[in-house]
Amino acid sequence: MSTRQTIRLTVNGKSYEREVEARLTLADFLRHELHLGGTHVGCEHGICGACTILIDGRSARACLTLAVQADGADIITVEGLRNRETGQLHPIQQAFVDAHGLQCGFCTPGFIMTTLELLGENPDPSDEEIKEALGGNLCRCTGYQSILDSVRLAARRLQSASAA
Amino acid sequence: MAFDIPTRSDQLPTDAPRFIGKAVNRIEDPALVSGTVEFIDNLSLPGMLHCAILRSPHPHARITGIDASTALALPGVEAVLTGDDVARWCDPCFTAPEGWGNTCLAVGKVRFVGEPVVAVAASSRYIAEDALELIQVCYELLAPVANPDAAMAPGAPLVFENRGTNVIQSRTYTWGEVDRIFADADRIVSRQFRWNRVGANPTETFGCICQWDLADNSLTCRGAYQTPRFMAIGRAASLRLPANKVRIISHAQGGGFGGKGGPRGTDIAALLSRKSGGRPVKYIEDRMEYLLAGGGQSWDRYYDAALAVKADGTVTGFKVRLVDDQGAGAEGYGTISAAKPLAAFTGNYRIEAAFYDLTLVATNRAPTYPYRGYGPPPHNLVLESLMDVAARELALDPAELRRRNYIRPDEFPYTVPSGNEYDSGNYAAVLDRVLELADYRALRETQAQARAEGRLVGIGVVSTVEPGVFDWNAYATVGVPGVGVPEGVKVAVDVFGNVTVAVGFNLQGQGQFTVAAQVVADYLGVDMNSVKVTTASTDVALPHFGQGGSRLGVAVTGAILGACDKLRQTFCRVVAHVMHAEPGQIELFNGRLQMKHAPEHGMSIAEVAGLMLSRSDLLPPGVEPCPEASFVWVSPNRNQPDDQGRCRSYLTAANATHVVQVEIDRCTGQVKILGYYIVDDCGTRLNPANVEGQLQGGVAQGVGAGLYEEYVYDPQCQPLVSTFVDYLVPTIHEVPMTVKDHLVTPSPVAPLGAKGCGEGAIHTTPAALLCAINDALAPLGLECRETPASPQRLWKLLHEQA
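In order, the protein sequences belong to chains A and Z.
Going by the numbering used here, 110 is the number at position 110 of the first sequence; the sequence numbering is gapless.
Going by the numbering used here, 222 is the number at position 222 of the second sequence; the sequence numbering is gapless.
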């Protein structure tokens with residue numbers, strides 16, 4: 001019952017060519033074929049947002065996307081943010097650490113990827129705009145307040161870095 | 001040797017703690033934000049198989065036949081597990097009272113929708129799921145037991161036939177002269193309440209990888225385990241293995257909140273490994289499985305309660321009748337969930353007599369489990385709602401009524417009628433501060449204006465006590481044998497002066513690794529960066545319990561302080577020996593072992609450890625070359641319950657008052673939170689950011705339980721909730737950004753004066769919201785006495801009235 005297809009895609013700047021089953025989800029492909037385990041799966045029906053990644057610059061649910069749909073795509077996952085050589089965290093990641101924007105950390109990669117998209121489009125979002133952007137990500141630990149603080153902090157730091 | 005566990009941070013061997021009490025960044029976080037933490041589904045083992053589970057579509061049915069031959073023939077399928085295997089190899093879980101527990105797969109009959117019936121191990125999860133579709137199960141349907149009334153009706157079908165009844169437990173507690181108190185009351189206020197099922201729903205579901213070593217007849221389980229040692233004991237019991245042949249390796253967990261439900265999934269994966277010749281088998285529960293039958297459903301309760309009140313507002317008595325629908329068995333230690341309110345039955349108040357009648361029944365709903373708070377959230381909703389009813393009847397402000405009844409600061413330690421002892425607190429000061437923070441008078445003014453405009457605006461002012469640092473002794477009262485609640489750590493210093501802390505639990509989100517590093521760094525005078533906290537697997541870990549009952553921050557602090565004190569004593573002996581002095585002349589201060597009267601003569605921690613490891617010839621007689629120490633901490637001064645369940649059960653009693661203002665939309669029934677204010681007192685705040693996170697997270701779950709979340713069943717016990725589209729976990733739009741402040745009344749009995757603080761907010765928020773809602777509805781003469789106060793429920797209430 002399996003039909004296999006060859007896909008070519010770029011993930012975190014690295015090119016891959018793989019043969020996959022047509023029914024393989026992109027989340028499973030990233031996690032178990034490419035061993036990029038930071039894209040977490042919380043519900044597998046597109047509600048919780050833990051598996052949020054960027055596909056061609058737009059946020060998407062890896063659990064609701066098939067790997068074959070990502071043929072030709074340019075994907076960024078949470079593993080793509082940290083400096084590969086120094087390990088230095090991306091300013092958004094560092095803001096989540098500094099503002100205590102996480103507890104168990106399972107939903108956090110999804111929040112970070114959503115924030116990456118938001119701040120790319122809107123470097124100085126209002127609280128309402130932040131809430132609107134993060135409204136599709138569930139967090140069961142923090143109650144969101146420190147997440148809001150984290151995004152504000154990240155926005156401030158990224159803005160002052162670009163102004164400098 | 002005697003060991004000193006400091007109850008104040010100024011008793012630490014340093015002139016000023018550098019980390020304790022500060023919102024230092026968590027050592028857990030760099031890996032978590034990088035996506036590199038090894039949650040269990042990120043791990044693969046060579047030769048690993050994947051499990052999928054076929055679950056019952058029926059709430060109550062006899063299994064008359066299973067044909068899995070086609071599934072077994074599917075390429076990639078390695079093993080199929082059925083009730084026959086389970087009956088042969090496995091016993092029911094031991095977390096239920098005798099006879100009320102389930103096996104991991106149904107044997108003979110199914111008791112709830114979602115109960116596992118057949119499990120498959122295959123080379124991929126995809127193939128395992130394919131195989132499920134090839135399995136034929138024949139059922140003979142039985143009448144379901146839909147609710148407690150039906151369960152207790154004469155001639156009701158039996159969920160557990162060999163028990164002869166659906167009543168799992170029924171008992172009463174009487175504390176003081178309840179009848180006289182109620183007879184003497186000027187006023188009795190009574191109401192019925194319905195708390196519908198809610199649940200934990202951590203963002204990571206349960207998962208594990210189990211491997212049965214057929215040569216050694218031993219089992220290794222890696223997974224999202226909240227209480228590893230307890231899980232090992234349980235698996236030894238259910239899988240009939242010696243406890244020392246079950247090894248649990250706990251991985252970081254994506255949240256827990258009590259409801260991770262590991263036993264069932266672990267037993268299934270373990271037996272599949274046994275059946276497939278010892279290959280490792282991974283089971284990752286999916287969200288639909290979690291919502292149907294996972295470890296998260298909790299508190300399905302019917303209350304009938306009354307307060308005895310004097311004309312001046314003095315509350316003298318409190319009676320509660322609770323009927324708790326435990327679902328299909330009490331495998332989630334359900335009796336404890338009903339008994340937990342004994343630890344703070346009468347809340348913050350000087351209520352002199354109380355009565356508790358609890359009846360726990362089995363139905364064909366999914367079994368219930370622990371969830372954060374473990375009982376008090378619904379209990380506090382009942383007590384605080386009645387306080388508001390009394391205030392309305394007496395025309396008193398609800399804050400004033402509470403103030404008149406608070407236990408006073410000079411009355412601590414205070415023993416409540418149900419037996420527990422509160423260590424300390426200043427409830428009136430907390431109330432004063434939160435009323436000031438909220439500008440309570442202004443809130444009442446805006447409410448009056450809103451009412452004049454015909455808007456439904458209400459205010460809740462709710463106080464609760466959070467029993468912290470649970471001890472098992474209390475639960476002998478509901479037939480659950482104690483297993484002990486120790487917390488053990490090992491603190492080791494290496495030859496370079498780095499410190500490793502080995503604990504028995506793993507990350508779950510509360511930040512206890514960071515707390516451990518803060519405490520050890522301040523005690524030994526090293527930098528937090530040189531401290532590594534690591535999890536020991538159960539075969540080598542010290543006795544431990546882990547997260548649960550608002551205990552671990554306090555417990556791990558106590559364990560580390562004990563281990564550090566042992567190290568200090570050993571180090572003093574070593575240094576005294578090499579300096580030709582007496583141990584009593586040496587002290588540890590700011591990371592140096594030095595002469596008390598000549599501090600310039602001394603050695604650093606690293607130098608002492610290095611000497612011990614490399615120059616055993618310099619050690620005093622009887623000292624091993626081992627700069628390591630272990631300590632197992634338990635709550636001091638606990639005792640056994642008497643025949644009315646009274647005992648010192650929880651070590652600490654934190655408290656909080658929440659003030660919330662809400663508006664109900666008449667057109668939609670939706671509750672909008674206009675403002676939310678919290679002042680709490682959990683003693684010393686070891687890491688204030690951690691405490692704030694616990695509070696705010698508890699508020700979010702309280703908003704869910706109070707306004708949105710509900711496991712809905714139809715009258716035939718079919719669950720109507722199976723996805724996050726139906727089960728409404730609050731998003732950033734629903735959870736208020738709260739305004740917080742705190743007081744610090746250190747615990748006189750707990751390590752560094754810290755009190756348990758993980759559950760207080762969920763104890764309080766649902767009650768605060770319902771009180772605010774009923775304050776809003778009061779002018780209409782309406783009351784909502786059912787949770788969640790969802791838009792449809794409130795709309796119906798408003799609509800039916802119109």
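Be careful, since some hints might not be right.
Subject to a maximum C-alpha distance of 25 Å in a straight line, what follows is the list of computed DSS-like cross-link-like pairs (lysine-lysine) [unchecked claim]:
| # | chain 1 | residue 1 | chain 2 | residue 2 |
| --- | --- | --- | --- | --- |
| 1 | Z | K672 | Z | K532 |
| 2 | Z | K275 | Z | K109 |
| 3 | Z | K566 | A | K131 |
| 4 | Z | K740 | Z | K672 |
| 5 | A | K131 | Z | K740 |
| 6 | Z | K566 | Z | K532 |
Hint data in this document are derived by calculation from the structure and do not stem from the laboratory.
Honestly, which of those hints from before does the structure not fit?
Violated hints (numbers, rising): 1 and 3; every other hint is consistent with the structure.
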